[in-house]
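S.K.: Single-letter residue listing:
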Amino acid sequence: MSFEPNLVGFLCTWCSYTGADLAGTARVKYPPNLKVIRVMCSGRVDPSFILAALAKGADGVLVCGCHPGDCHYVEGNYKCQRRLPITRRLVGEMGIDVRRVRLEWVSASEGKRFGEVVNDFTEQVRALGPLRLQEWGFDRDAADAELAHEGGAHA
Amino acid sequence: MPKVDITVDGRPISVEEGSYVLQAAEALGIDIPTLCFFKYVKPYAACRICVVEARDRRGRTRIVTACNYPASEGIEILTRTPRVVAARRLNLEMLMSRCASMPVLNDLAAKLGIEKPRWGTGTDTCILCGLCVRVCDEIVGAQAIGFASRGAARYVTTPFEVDSEACILCGACAALCPTGHIRMEEAGGREVVHSEITLGPNAAIAVPFRQAVPNAPRIDPEFCVHFRTGGCKVCAAVCPKECISHDDADRTEEFGVGTVVLATGYADLDPAPLKQYGYGRLPNVITSMEFERMNNAAGSTGGRILTERGEEPRTIAILHCIGSRDEDHHPYCSRVCCMYALKFAHLVKEKTSAEVYQLYIDMRAFGKGYEEFFHRILGEGVNVIRGKAAEVVRAGEDCEEGTLLVRCEDTLISKFREIPVDMVVLCTALEAHGDAKEVARRFGISVGADGWFIERHPKLGPVSTTTDGVFLAGGCQSPKDIPDAVAQGSGAAAQAMSLMTRGEVEMDGAYAVIDEEICSGCRLCNDLCPYGAIGFVAERKVSSVNPALCKACGTCAAGCPSGAIRALHFADEQIFAEIEGILS
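Top to bottom, those sequences are chains V and D.
For what it's worth, our numbering labels the leading residue of the first sequence as 1, then goes sequentially.
For what it's worth, our numbering labels the leading residue of the second sequence as 1001, then goes sequentially.
Okay, chain V solo, but in the shape it has when bound:
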């Protein structure tokens, strides 16, 4: 059986989540690998969300926001646009292929495009294969415990 990547998507509620909704109402077919988490704005996506998703077993993370200039919150997507490359660099330095983290702009009218993006990202991660953090000595339980130890701040 071929590898089915486990993907997490952070979608801004105004453009990309609505776009995904439109993909649904328009009966656009796209792979079921992406599990969507709705956030109010792509600017809400804390780099730790992406790291947490990868740590907890995601093979890739997709962040979708409004097109530049169309942000419902004026400039949240620009903040995301600046945070994402830094997050990707961090991910890369950890030895994880940066192609596992992707930022895309999907507007509310782009249901079809949302399908294409998910399709493309799924295929890309499928080609990269599973992210086997455990094989590299990553202890998820220890990481969880550490996060829990940090307390309310980031967990």
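Derived by calculation from the structure, the hints in this document are not laboratory data.
A virtual CB, placed ideally from N, CA and C, is assigned to each residue, including glycine.
Please note that the accuracy of each hint is not assured.
Unchecked claim - Here are the computed distance ranges between Cβ atoms for each label pair:
#1 D:D1326 to V:R27: 22 to 32 Å
#2 V:K29 to D:R1441: 28 to 38 Å
#3 V:G69 to D:K1459: 22 to 32 Å
#4 V:K29 to D:E1539: 38 to 48 Å
#5 D:E1372 to V:G69: 46 to 56 Å
Take the given structure of chain V and dock chain D to it, following the hints.
M.R.: Chain D only, in chain V's frame:
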């Protein structure tokens, strides 16, 4: 000006010194015939029909022209003495001897009791009243025409008898000409210019159309003589209430509102780029909007359906889906065209004896009573051809039935057809305004690929938008017919009203809060917030969120280095739990 007392036919009147006798007589309701007087230009005394007898205080009388004879203290004016009548008759008979027999002269002759002019009639249709020359000079300010030659050879013409560039085609000379000697003609012999038909009177100042709101005349600066030459202002002089101001200009006014209904409507596709239909190139190829204006009884054709030559067409083809359902233009269906095209057919049948052809892709009679209307039209003998028109060309010389040929494939009989017609109506696509994207950005809403504004939800939120308090109504959201637009507009108004009558806005439970125990007071979040909702509390050295301004985007929560900001409903632990949940 001091007042002077005069009498006209024995009736006393007090007038301004130096004002003209003709006006005094007019004020008393005494008729003095004239051919060359117009209130708004200087009197000229050219026709000499307005002659009256003036008797000064010493009793001396003489014949004067009333139009330019100034009133002075104590003069007596006599308008009906035998001497006056004889003078008027003589002057008119002399005028008639050089002029052709024309109603304006014949009527006056009958009034003055001239049965047959003593010296016969001439051929000239100009009576040399000079109204045209004076209006062009004094009112319009163009000075495009004047008198040439002298005495018996005098005539009105343009300088050096060439087409004058000074003429602004205002038509004032033609409008004032009492005999029709000066006429306005459409260059190229067109009686009707379809693209210029207006819904109301075709004048520079008019109520644009009967149902206009506000129902008041407005000046069209493009056609108003004043805005081209700086002269005229006759409308302002005529208006008894002094309502007309030529100095008014557009103003930008700012006011605060709580709700906005966007009802910016739609635009019509310009069919000129669809060269195969010949719009703008072939005569009598018109758009549906031009046809609709022509149909308006208050419009410039008076509701008559006419070709460019001013004749009733013998055959009309109505072409559906021009730019709609067309991969090269708009893939969507414009929704209203099928039904108005059927209405056009009905109107043509009602007003003319023309044959009507409908060329359609699919007949989309989707609404209540619409299918029934379609069947009624079929019963009226309208020819419906299932097949989109391929092109419109000029018919050959030998074509007796029409001046244009419509080529199409009749898909129901699988035959190629050429239909000779006199007029082609293009049912052009409804499209979004070119600046829809800019408007959407200004109101924080989205536009689709076609440029239509996007509603909050296609099924559950068809009136509201992603911005609270901004609602959509009508054609700006998608092409729709009148019942649908009215329904959506009512919905938008009701939603806006329900927000307003409540007087207070229900806030979303999602907003950001700062844990002051953790906040280090770095103030990073202060700059992150696009709404300025986060301020710094100097006495406690922490930042604080104003929940009324916060829109819950969460950018601050993502950016807080100490994790002190909690985006309610989207808190870190909630998202981490979601991640955990979907990955387990």
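S.K.: All hints, please: hold or fail.
M.R.: Results of checking the hints against the structure:
1. A C-beta distance of roughly 24 Å is found between D1326 of chain D and R27 of chain V, which places it inside the suggested range of 22 to 32 Å.
2. Take K29 of chain V and R1441 of chain D: their Cβ atoms lie about 32 Å apart, and the range 28 to 38 Å holds.
3. The hinted window of 22 to 32 Å between G69 of chain V and K1459 of chain D holds, with their beta carbons roughly 28 Å apart.
4. Under the hint 38 to 48 Å, the C-beta atoms of K29 of chain V and E1539 of chain D, about 58 Å apart, miss the expected range.
5. E1372 of chain D and G69 of chain V have their C-beta atoms about 48 Å apart, which keeps the hinted 46 to 56 Å range intact.
In this structure, only the earlier hint numbered 4 is contradicted, and the remaining ones agree with it.
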